[in-house]
Amino acid sequence: MQNSGIIRNRRKILSSIKNARAFIKIIDEFGSFDNYIWDFVNHTPIQNSFNSINDIPAKTELSEKISKDLKKRGFSFVGPTIIYAFMQAVGIVNDHQVGCFRHEECRKMADE
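At position 29 of the sequence shown (counting the first as 1) the number is 29 in our numbering, and the numbers step up by one without a gap.
Derived from the structure by calculation, the hints contain no laboratory data. Heads up, some of the hints might be wrong.
Lysine-lysine pairs mimicking DSS-like chemistry, simulated, CA-CA at most 30 Å apart [claimed, not checked]: (1) K71 to K25; (2) K71 to K108; (3) K59 to K18; (4) K25 to K12; (5) K72 to K108.
Here are the in silico distance ranges between beta carbons for each label pair [to be verified]: (6) T44 to R102: 14 to 22 Å; (7) D28 to I56: 33 to 41 Å; (8) I13 to S49: 22 to 30 Å; (9) D111 to S52: 20 to 28 Å; (10) S76 to D28: 15 to 23 Å; (11) C100 to R10: 36 to 44 Å; (12) I13 to N42: 29 to 37 Å.
Even glycine gets a Cβ: it sits at the ideal position worked out from N, Cα and C.
All chains, full assembly: derive it from the sequences and hints.
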């Protein structure tokens, strides 16, 4: 806990261990975490059409649902805002603004 290059918060360290164990259980049940997480959207990305960054939510009903399910499975530090950011990062939700060049590119990739 003295190394400044690593997590020093005891709860976060214990959470990482706990989450790793829960992650393995999901893999055992679903074959992969990918299968588990994409099942929530029927393996089809959500295509939003936001015009302004102010329209993009910090969390959604779906991120709340996933957060609750992960917590039920033993995960911690997985609130709905963190989960929504994860959903954006992995492409489950396309929140690029309509005017952004990536919006259409991501929409097309989802159609493939």
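_Going through the numbered hints above, which ones does this structure break? Give me the numbers in ascending order._
2, 5 and 8
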